[in-house]
Amino acid sequence: MSSEHDCVNDELPDSRRRDFIKTVGLTGLSGGAAGVVGLAGLLSPGEATEAGTACQGDAPDEARLDLGGTPIYDAATDDPGCSEGVLPPLKARVLALKQLILDKNLLGPNGQASIDNFVDYYETKVGPQFGKAVIARAWIDPAFKDALLNPEQPNFEPYKSSDKRGPFAATWFIRDFLDHATSMQGIWLPQSALAGYTIGPEGEWLRVVANGKANATAPFVHNLVSCTLCSCYPQALLGVQPVWYKSRQYRARSVTAPRGILREFAAERGGAYPSLLEAYIALVDEVRVWDSNSEVRFLVIPEPPPDAVVTGIVPDSPQEVALRHRVTRNAMIGAEILYPASP
Amino acid sequence: MEGPHNLHTWTGSDSIPDKLQPETVVWPEHWEGEMGAIFAMFSAVAFPAQGFNLDVARWLRETVHPRDYLNTPYFDLWLRSVATFLDLSGHAARAELTDGYLTPDWPSPGVTTAVRITNDQALDLATALRNHALDEVVPGFGPPQANGSYQPDADHHYVEGQASNQPRYRVGDRVRTVLQTGTGHTREYPVYRGRTGVITASYGIVKALSTPDNVRVFQPYYQNAYPDIACRDSQRDDVGHRQEFLVPVYNVRFPASELFGDGYAEEGLYVHVDMFEPYLQFLSAANPGDLNGDGVVNLADYAVFRAALGKRRGQPGYNERADYDRDGQVSNTDYRTWLIYYRR
Chain G
1 MSSEHDCVND ELPDSRRRDF IKTVGLTGLS GGAAGVVGLA GLLSPGEATE
51 AGTACQGDAP DEARLDLGGT PIYDAATDDP GCSEGVLPPL KARVLALKQL
101 ILDKNLLGPN GQASIDNFVD YYETKVGPQF GKAVIARAWI DPAFKDALLN
151 PEQPNFEPYK SSDKRGPFAA TWFIRDFLDH ATSMQGIWLP QSALAGYTIG
201 PEGEWLRVVA NGKANATAPF VHNLVSCTLC SCYPQALLGV QPVWYKSRQY
251 RARSVTAPRG ILREFAAERG GAYPSLLEAY IALVDEVRVW DSNSEVRFLV
301 IPEPPPDAVV TGIVPDSPQE VALRHRVTRN AMIGAEILYP ASP
Chain Z
1001 MEGPHNLHTW TGSDSIPDKL QPETVVWPEH WEGEMGAIFA MFSAVAFPAQ
1051 GFNLDVARWL RETVHPRDYL NTPYFDLWLR SVATFLDLSG HAARAELTDG
1101 YLTPDWPSPG VTTAVRITND QALDLATALR NHALDEVVPG FGPPQANGSY
1151 QPDADHHYVE GQASNQPRYR VGDRVRTVLQ TGTGHTREYP VYRGRTGVIT
1201 ASYGIVKALS TPDNVRVFQP YYQNAYPDIA CRDSQRDDVG HRQEFLVPVY
1251 NVRFPASELF GDGYAEEGLY VHVDMFEPYL QFLSAANPGD LNGDGVVNLA
1301 DYAVFRAALG KRRGQPGYNE RADYDRDGQV SNTDYRTWLI YYRR
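Protein sequence lines, in the order shown, are assigned to chains G and Z. The numbering used here puts the first residue of the first sequence at 1, with every later residue one more than the last. The numbering used here puts the first residue of the second sequence at 1001, with every later residue one more than the last.
One or more hints might be untrue.
As the list claims (entries may be wrong) - With a straight-line Cα cutoff of 25 Å, these simulated SDA-like cross-link-like pairs (lysine to any residue) come out:
1) G:104 - Z:1091
2) G:164 - Z:1277
3) G:164 - G:294
4) Z:1207 - G:201
5) G:160 - Z:1165
6) G:160 - Z:1091
No lab work stands behind these hints, which were simulated from the structure alone.
Please work from the sequences and hints to get the whole structure.
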């Protein structure tokens, strides 16, 4: 069963994959399906071919397989006795749903414009550049970093005596930084673009955690963020979550094997990256996985890359701006570490 | 709900896809952004008063048949969530969703095609699951009242729509998570149930405040409703509205061995999970004699103990921190225990 499933996912080109599903795949995909789809699901592969071709299902969506496996919907047809019902491609169904919603004015009279505005916000305004700016500032300004990590008892003014102190005050400190840093002018958003939130959607209840040692005697900690149920993500600082973050593979494994996640990413880069990662992992005493199961969002301050200088940097200087470019989105989730510029 | 969305610890899946997706790629395809927009605007703008919110949306995603769930791409789950809501709420006729809706420019510009958005089986299944869940037990609340509404059980004291910001537990408390198995939406996932952990952060709970022009007033505390109730957008006429209970939220730290078994997960691993107060049962405090939480054990704590003496669980004045032997009553036996802490 699993080998057939793997074939469907990995080895067959899309056109052949559909044929494969229609002939052999269905009987192999799920034993549990047989009871629901009726006799056709129990047929041998050869017989299932006939049943499959008898169905008038639309073509399955082949474009987005990497997010969920095969696009088969067994028993998803209204035709009695049909073993394979497939709905139209996902893109078509999204367009149909959108049209229905627009026709009914469910998003107001200017529904398409509202949708376009939303898409535009995520495509052109918000993105990991904000998170990178926060990380670079935390590296060069230990007091700012300390405030982000200890938002209930920040150790410097004006935060120390502010009524904004509390478990999610990091959001406020970040807003304050982004509003006032001269190097963020023209990059950071005006309040009118924040949809009524302090720093934007998916960032109102933010916790910042840091990799490395909190002090000389503390354990070396690595943090990894996951949303094991779905895809919650600090969008206000990182933009839209990447495909891998939403994948069932990442969600399933991140809680038990975070070092394995790090290794898989390093192996994907190849070259010297895996050995550089192993040197980092050898330092790690403790791994903390943060499961984003509430509306709280997590941001990881990674260790600076080994060839980066973070002391003696003047805020808003070109050196600070250069440090931002050394931060990666994946490192702010903890799925990767930061490597030397030329490993 | 119990189902394949709770795939924590599942083994055997292939490698993680698109690990090096460029940071400049927001959505691999434009329509994915449009689907995201529809979903987000439904929960934030269009229908919150009529029962569509994040928790309802997540719940509806989970009603996809377990056999199909893993074969359903990410944005398809959101599509099904929205389509199911339109069906349940009556905003769209069933036939519009299942018989093919006329869609312009598909499959090519200038062409209009009837496209089936979802199917009857999926909508029937979601409806059945939902009706079942509306009669079900919820942690901290028990079964619904005769009129279908939920009220806290004898051990919890929440008032619908109000936030106390008075967390019952403290950082350092050892807690055990409750057991449950249900068809409603919960954030207490199976691997985190019935486990012992330590509270590492207390997020409080306050009501969201906004200015007249809809800008959120910053408050550094948790502000979202208890999902297990908020997901149950009741269609019952006798309730007539979606109930929102605001309960304190905590972050709880579990050693990997407690969740997965000794030696089965990586070394030195801790999983931090946010927990809504009704998911938690008190086990012990970091400093058990310190009943008022001021950091020291003194006569002020005795006053707290004295106020709870003789009270049983469920009675006003009962204090689980003073019930050291966990027998459901604060008694003289507990007093002798407190005295030991006091004399230390």
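Status of the hints after comparison with the structure:
no., hint, result
1, G:104 - Z:1091, "holds, 8 Å"
2, G:164 - Z:1277, "holds, 24 Å"
3, G:164 - G:294, "holds, 21 Å"
4, Z:1207 - G:201, "holds, 18 Å"
5, G:160 - Z:1165, "holds, 21 Å"
6, G:160 - Z:1091, "violated, 50 Å"
Of the numbered hints given earlier, the model fails hint 6 alone.
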